[in-house]
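Colleague: Generate coordinates for the entire structure from the input sequences, incorporating the hints supplied.
Residue numbers (the working numbering), protein chains in the order written: chain A, 131 to 352; chain B, 131 to 352.
Don't take every hint at face value.
Copies of the same chain look alike in the list, so a pair counts if it fits in one copy or across any two.
[Stated by the list, open to error] For lysine-lysine, the following BS3-like pairs were computed, each having C-alpha atoms within a straight-line distance of at most 30 Å: (1) Lys216 / Lys163; (2) Lys345 / Lys323; (3) Lys247 / Lys216; (4) Lys163 / Lys318; (5) Lys231 / Lys153; (6) Lys231 / Lys163; (7) Lys345 / Lys318; (8) Lys247 / Lys154; (9) Lys154 / Lys216; (10) Lys247 / Lys153; (11) Lys231 / Lys323; (12) Lys345 / Lys216; (13) Lys318 / Lys153; (14) Lys216 / Lys153; (15) Lys163 / Lys153; (16) Lys231 / Lys216; (17) Lys231 / Lys247; (18) Lys216 / Lys318; (19) Lys247 / Lys163.
Rather than coming from a laboratory, the hints here were simulated on the basis of the structure.
2 protein chains.
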Amino acid sequence: MRTLHHLWLSAASRKVRIVLGEKKVAFRLEAEKTWERRPEFLALNPAGDVPVLIEPEGQALADQGAICEYLEEVFPEPSLIGNEPKERAEVRRLCAWFDQKFEAEVTRFLVTEKLMKRFLGLGEPDSRAIRVGLQNLTSHMAYLSWLTERHHWLAGGVFSLADIAAAAQISCIDYVGDIDWEQYPHVKDWYAKMKSRPSFRPLLGDHIPGAPPPKHYADLDF
Amino acid sequence: MRTLHHLWLSAASRKVRIVLGEKKVAFRLEAEKTWERRPEFLALNPAGDVPVLIEPEGQALADQGAICEYLEEVFPEPSLIGNEPKERAEVRRLCAWFDQKFEAEVTRFLVTEKLMKRFLGLGEPDSRAIRVGLQNLTSHMAYLSWLTERHHWLAGGVFSLADIAAAAQISCIDYVGDIDWEQYPHVKDWYAKMKSRPSFRPLLGDHIPGAPPPKHYADLDF
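Modeller: As structure tokens, this is what we get:
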């Protein structure tokens, strides 16, 4: 059995959880308090972050992007990156957009300020950081609207890792209650499809003690 | 002929230039002033950053990671990511380390403060930001020392994209003169091998008007 070291509101960890679910690979979750910087965990991943996937024979794989590419190579069905090189380049471009740009411009601000700071006793949320995160969220939701108006899935007609990367981020932001879904009907339709996938359901059951999600978070009809 | 939209001290652009060189793919360079946010360029890459590779038939590919994976798929020889999935996961983990972690913790601070601010007329360098960048550089050079003491190349016995990702970052920092090479003999040996590769030579000829590199920058024997 594989083990995934993760954090509940780490979008990178959520992305790998969904990929494992899509590929029907069994795994157990192990929450890692990355801020404690345990030497045993740093030995698995010197970057000190989650996710880290432990393979059955014990090898540790780190970095969400490297893990997803690895899973695609070892479990090619169903394909999540596509077949043609240009199609694959577009899936990977969108993954980088959500994994890196959305994470840095939105999730890091909102999840850190609204949840992690309180959780770690680091003081009050910084309202300026929250304002920046919310402002950036508006641009990103506009881009997601543009994409979902044009195609059934983000990279085109086929479900892919790009949808998983985006939904992993969106699910963290939706947990802290920051998305006004009525403003984004196409994104809402897309996210409703994501929520109804069996691979996504476990994320909707996530529940951080002392910081419950809004009621609509787990609703398939939101 | 392909066109690569780039910036001289964008490590991501340098990485793609080296990959194109290793795979002996002809291309012309086009410098893009990304800060001007030209609508024509944003139409090629809504993220607005470089590198962007224009394929011969005109399609634009964006995001350095997606471009490198694409080039590996379309020009598989020489292989830069390796053959076995676990080996490939290690190459990609190290790429993420340098592309993202080193970039965010070191290059963004030092290159932005020392060159881009002056170049764009954004005022004096922020000495605190430079101090943070230099401090982070020390940790990263220690990690590079650890890697280069153990193996011939960063991911093991074989030259890979990990070496390219790291050397692309290091070359930007070396351009601004911040590496005390005498402190890091193993990294120096590794970087000397990188500098002598034909794919790397064009980068050593880069010369930003008004901000020349230190003399040792282009020396193969530094």
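Colleague: Checking each numbered hint in turn, tell me which of them this model violates, lowest number first.
Modeller: 3, 4, 8, 10, 12
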